[in-house]
Each structure stands twice: as C-alpha cells, then as structure tokens.
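As a plain string of letters, each chain reads:
There are 2 protein chains.
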Amino acid sequence: MGSGDVYKRQTPKDGEVLLKTKYVSVDPYLRGRMRDEKSYIEPFQLNEPVESGIIAEVIESNSDDFKKGDYVNGMLQWKQFQTSNGKGLQKVDGSKAPLSAYLGVLGLTGITAFLGLKKIGKLEKGETLLVSGASGAVGTVVGQIGKIKGCKVVGIAGTDEKIKTIKEKFHFDEGINYKTTEDMSKAVATACPNGVDVYFDNVGGEILDAAMANINRKGRIVNCGAISLYNETKRPTGPRHETTLIKKSVLMQGFTVRDFQEEFGEAVQQLATWLQEDKLTYTETIVEGFDEIPQAFIDLFDGKNKGKMIVKV
Amino acid sequence: MGSGDVYKRQTPKDGEVLLKTKYVSVDPYLRGRMRDEKSYIEPFQLNEPVESGIIAEVIESNSDDFKKGDYVNGMLQWKQFQTSNGKGLQKVDGSKAPLSAYLGVLGLTGITAFLGLKKIGKLEKGETLLVSGASGAVGTVVGQIGKIKGCKVVGIAGTDEKIKTIKEKFHFDEGINYKTTEDMSKAVATACPNGVDVYFDNVGGEILDAAMANINRKGRIVNCGAISLYNETKRPTGPRHETTLIKKSVLMQGFTVRDFQEEFGEAVQQLATWLQEDKLTYTETIVEGFDEIPQAFIDLFDGKNKGKMIVKV
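Respectively, the protein sequence lines represent chains A and B. For the working numbering, add 1305 to where a residue sits in the first sequence, where the first one is 1. For the working numbering, add 1305 to where a residue sits in the second sequence, where the first one is 1.
No lab work stands behind these hints, which were simulated from the structure alone. This structure is a prediction, so every number in the text was calculated from the model and none was measured. All residues carry an ideal CB built from backbone N, CA and C; glycine is no exception. Treat the hints loosely; a few may be bogus.
Once the Cα atoms are required to be at most 30 Å apart in a straight line, the calculated BS3-like pairs of lysine-lysine come out as [as the list claims (entries may be wrong)]:
{"no.": "1", "chain 1": "A", "residue 1": "K1343", "chain 2": "B", "residue 2": "K1392"}
{"no.": "2", "chain 1": "A", "residue 1": "K1396", "chain 2": "B", "residue 2": "K1430"}
{"no.": "3", "chain 1": "B", "residue 1": "K1392", "chain 2": "A", "residue 2": "K1523"}
{"no.": "4", "chain 1": "A", "residue 1": "K1427", "chain 2": "B", "residue 2": "K1430"}
{"no.": "5", "chain 1": "A", "residue 1": "K1424", "chain 2": "B", "residue 2": "K1552"}
{"no.": "6", "chain 1": "B", "residue 1": "K1457", "chain 2": "A", "residue 2": "K1484"}
{"no.": "7", "chain 1": "A", "residue 1": "K1539", "chain 2": "B", "residue 2": "K1539"}
{"no.": "8", "chain 1": "B", "residue 1": "K1427", "chain 2": "A", "residue 2": "K1392"}
{"no.": "9", "chain 1": "A", "residue 1": "K1424", "chain 2": "B", "residue 2": "K1427"}
{"no.": "10", "chain 1": "B", "residue 1": "K1552", "chain 2": "A", "residue 2": "K1523"}
{"no.": "11", "chain 1": "B", "residue 1": "K1424", "chain 2": "A", "residue 2": "K1424"}
{"no.": "12", "chain 1": "B", "residue 1": "K1424", "chain 2": "A", "residue 2": "K1427"}
{"no.": "13", "chain 1": "B", "residue 1": "K1539", "chain 2": "A", "residue 2": "K1609"}
{"no.": "14", "chain 1": "A", "residue 1": "K1373", "chain 2": "A", "residue 2": "K1327"}
{"no.": "15", "chain 1": "B", "residue 1": "K1457", "chain 2": "A", "residue 2": "K1539"}
{"no.": "16", "chain 1": "B", "residue 1": "K1523", "chain 2": "A", "residue 2": "K1392"}
{"no.": "17", "chain 1": "A", "residue 1": "K1430", "chain 2": "B", "residue 2": "K1392"}
{"no.": "18", "chain 1": "B", "residue 1": "K1523", "chain 2": "A", "residue 2": "K1424"}
{"no.": "19", "chain 1": "A", "residue 1": "K1454", "chain 2": "B", "residue 2": "K1401"}
{"no.": "20", "chain 1": "A", "residue 1": "K1484", "chain 2": "B", "residue 2": "K1539"}
{"no.": "21", "chain 1": "B", "residue 1": "K1552", "chain 2": "A", "residue 2": "K1484"}
{"no.": "22", "chain 1": "B", "residue 1": "K1454", "chain 2": "A", "residue 2": "K1424"}
{"no.": "23", "chain 1": "A", "residue 1": "K1343", "chain 2": "B", "residue 2": "K1552"}
{"no.": "24", "chain 1": "B", "residue 1": "K1552", "chain 2": "A", "residue 2": "K1452"}
{"no.": "25", "chain 1": "A", "residue 1": "K1454", "chain 2": "B", "residue 2": "K1552"}
{"no.": "26", "chain 1": "B", "residue 1": "K1427", "chain 2": "A", "residue 2": "K1523"}
{"no.": "27", "chain 1": "B", "residue 1": "K1539", "chain 2": "A", "residue 2": "K1343"}
{"no.": "28", "chain 1": "A", "residue 1": "K1430", "chain 2": "B", "residue 2": "K1423"}
{"no.": "29", "chain 1": "A", "residue 1": "K1523", "chain 2": "B", "residue 2": "K1484"}
{"no.": "30", "chain 1": "B", "residue 1": "K1609", "chain 2": "A", "residue 2": "K1427"}
{"no.": "31", "chain 1": "A", "residue 1": "K1523", "chain 2": "B", "residue 2": "K1491"}
{"no.": "32", "chain 1": "B", "residue 1": "K1423", "chain 2": "A", "residue 2": "K1424"}
{"no.": "33", "chain 1": "A", "residue 1": "K1423", "chain 2": "B", "residue 2": "K1552"}
{"no.": "34", "chain 1": "B", "residue 1": "K1430", "chain 2": "A", "residue 2": "K1491"}
{"no.": "35", "chain 1": "A", "residue 1": "K1343", "chain 2": "B", "residue 2": "K1423"}
{"no.": "36", "chain 1": "B", "residue 1": "K1491", "chain 2": "A", "residue 2": "K1539"}
{"no.": "37", "chain 1": "B", "residue 1": "K1457", "chain 2": "A", "residue 2": "K1343"}
Okay, the calculated bits of chain B under chain A, using three or more residues with CB under 8 Å as the criterion [what the hints assert, rightly or not]:
{"no.": "38", "region": "1506–1517"}
{"no.": "39", "region": "1553–1561"}
Bound conformation, chain A alone (with noise of 0.2 Å):
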C-alpha cells in the first residue's frame, strides 16, 4: 500500500456508505494483535492499515440505515477516508455525550469496567476494590463504580500525580505509588486492612503478586489487562499462585468484553445514566493529527496519557 492510500476519498457503492475520519481510539490491547499468534482476535496483517475504534462522520451515504451528517462508532482502519457497508457501525448521539466520549467511558473501555466488575468481580457493597492502571481509561471508571456500589477503593498507578488525580478527581479512598513503593504487599496490606475481595488487574506480573499475597477468602481476580507482560520478549516467570487459590478458595478470571457482547447496551445505558447523573466523570487526552497516531500509541506504554488517550483527526 502507499502511504498516499490512508488519505483517499473512494465513492461509496450501493448499500455502502463513505466515512470521514473524527476521534481514534489508541489502547494498549492493539499491541496483542502485532503478535502473529492466537488470541480472541486475529493478528494485524502486515501492509494492510491497522484497525480500532474510531467515530467518523458519514459525508455521503448510499445506504437506507445511514444518513449523511450521522455520526458512527465501529471498527475501523487506521485511514481519514473509508466506506463501509455499515455492519457493526453504531450511530452515536453527540448531543447526549460529547463524541470521543463514545471511545471511552460509553465505549469499550466504559463497558469493560462495568461488565468486568459485574460478571466476573461479583462486587458488592461494603467489600474492598483494589484497581491497578486506576488512572487509565479503564481504572478510573472501575474505582467510581466500586465508589457507586459503596465499597473501599484503593488504586495503585506510577506518578504521585495520578494518585493525586485519582483520589482527588475520581475519588478513590486510598492510592499507591508503585514506583517509588519497595515492598508493594505491604503496602497493599496496609491499605487495605480488611483484605482485597477484588483486584481488578490491568497490569499482571509484579503488582498482580502483591495483590495475590492480600487476597480474601473467595476473593475474585478480574483479568482485565497484563501491560506490564505485553513489550516482554521471553516467557515471563513468577511465584505460583496456584496454592493460593486452594487455600482461599479465589477465582481469577481472563476477559475480553466481547464475550459479553449482548450486554452492551444495558451497560452503556446504565453508565449514560451514571455520567448524566453526574456520578461519574472521566479525563481524555486528545492528540491532535491524523499523523500523530503511532506515536501517540507508543505513548500509551510510557504512561503519557491520563486517562483515555484520543487522536482527533
């Protein structure tokens, strides 16, 4: 393909619409599928434009579903002009929700906490939440709704910003630097006295540990993300955990939110509900510039972003 190619306008045939390029979404699982090997989903090819969320506006419609002016969120290619024959597009509302909203807390991320905490933690009221990545796009959405629910929530994140965002912003109890923490169990134990009953993990390895050493009885483990394993070349190795899940009879549990696909919407209409209720908040970063996207993707494994990162095209 040339470079040239991710700039084209094609027309849209009969049933298709043509699709302008407006918010992408950056997010750390796209790594997994530079991997040529199996997974939930296919890996990327390569010389063919890599694909995520994206909301885009269609600007000429040859489709009864779409109109032009709509605006859509789906799967889409890494381009600023695409058609499409509508499948698996979504028509958003920008006047309920601004749109790169649609990427994150009313999109995949949004949905991931809530159904990763509804299906698999089981959170109820009263019990301790413990969240790593807590400033990210995810953790920030994970620790409100553990507020919502009544819980203790403590977020573990890598600046003493971010602690400070996430417990002055998102209003997690209790926070923890993991960077600059040398023994990362003690200071789980002493921020949570009770014990953890849910870790939502996003991180895996080192900080996963720490969070297995506080587990509760039928404590639940949501297997979220592993960010810390993805850039890794050889196999990673660790204490083993599986004593531990005897002895405290716990679950841990690996999820994509497309396993829950037919939960979307009841999810996104609850946490539409949360936002407008203004029980929920959430913080964006927005690159600006189509050209700006890989790098803006790198960034995401350094931390640069606060909260979910966007590139507005």
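Start from chain A and add chain B according to the hints.
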C-alpha cells in the same frame, strides 16, 4: 499427651457417644494443616491428635440421635476410642455400600470430584476433560464422571501401571505418564487434538503449565490440589499465566469442597446411584493397623497408593 491416650476408652457424658474407630482416611490436604499458616481450615496444634475423615462404630450412647451399633462418618481424631457430642457426624448405611466407600467415592473425595466438575468446570457433553492425579481417589471419579457426561477424558499419572489402570478399569480415553514424558505440553497436545476445555488439577506446577499451554478459549481450570508444591520449602515459581487467561478468556478457580456444603446431599445421592448402576467403580488401598496411620499418610506423597488410601483399625 502421653502416647497411650490414643488407645484409651473414655465414658460418654450426657448427650455424647463413645466411638470406636474403624476406618481412617489419609489425604494430601492434611499436609497443609501441618503448616502454621492461614488457610480454609485451622492448622493442627502441636501435642494434639491429628484429625481426618473417619468411620467409627457407636459402642456406647448417651445421645438420643445415635444408638449402639450405628456407624458414623465425621472429622474425628486419630484415636482408637473417642467421645463426641454428635455434631458433624453422619450415619452411614453399610448395607448400601461397603463402609470404606463412605470415605472415598461416597465421601469427601467423590463429592469433591462431583462438585468441582459441576460448580467450576461446568463440563458439557463432547468437551475434552484433562485430569491430573488421574489414578488417585479424586481423579478416578473425575474421569468416570467425564465419561458418563459423554466427554473425551485424558488422565495424567506417574507410572505405566497407573496409566493402564485408568484406561482399563476407569475407561479413560488416553493416559500420559508424566515421569517418562519429556515434553508434557506436546504430549497433552497430542492426546487432546481439540485442545483442553476443562482441566481438573490435583497437582499444580509444571503439569498445570502444560495444561495451560493447551487450554481452549473459555476453558475452565478447576484448582483442586497442588500436591507437587505442598512439600516445597522455597516459594515455587513458574511461567506467568495472566496473559493466557486474558487472551483466551480462561477461568481458574481454587476451591475446597466445604465451599459447597449445601450440595453434599445431592452429590452423594447421584454418586450412589451411579455406583448402584455400575457406572462408577473405585479402587482403594487399605492398610491395616492403627500404628500404620502416619506411614500411610507419608506414602501418599510417594504415590504408593492406588485410589483412596485408607487405614483399617
């Protein structure tokens, strides 16, 4: 305590019974209670008798609930005679099945197999079930339930004789001798060409790693035991599994059968029905003599038992 105490007859008080020990169950999980640490059950105390599942005869009764000549099953002490207030004792019927069966296939080991598969494994017809510790008391029941449910069943054990037994006596489809197999992950792949849907783990460690390498999307790992790790003095390490859990939406859940106490009655009823219909068979290793209890327990860790290990007093 003087060592003579274990042979001493006491007099039952009002509401109590005097019990004579007939059959003593020795089980790998007792090893955990010999460590002074938190678990689902309190550790044994120094200078106090060990306790385990025991079938005893009521030889004197001052209780309205039991009469002389009744047989009971309960968590009792390693003593020849002991009194009990009857709490936690279940009467057993020696005419329906041999008394020792109530310590095995109709006792906690059979119930563990049944409820682990039902509540965590959620095994479905046509799936592939992999079982480690396959020739043990729990493993043989797990495998047979797999066949009753119409699954492909593959067992892992440590001698060629055990492999022969699980295939010939317990109708497993395939067996893998982990002691003579160099690449367990490859051996599991060969025995399970459609991958592993449910792995019932009695051993933990490297065999769990081999199962994880072959787990299917939405696979379930029932963490029932980790006998390969119980005698480790250093903290065992191994490959991290969180990336696999996420990529394949896999569940791992530890349990102890006591988590599901309200379903014991149903479990025993189903197991007894299968036993009477000849769909279920069992093996036990019966050692004779009260003084042999400790050695029988130690022998478990060298795999000297076939099926349930029981001491007849």
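Going through the earlier hints one by one, which of them does the structure break, listed in rising order?
1, 2, 6, 8, 13, 15, 17, 19, 27, 29, 30, 31, 34
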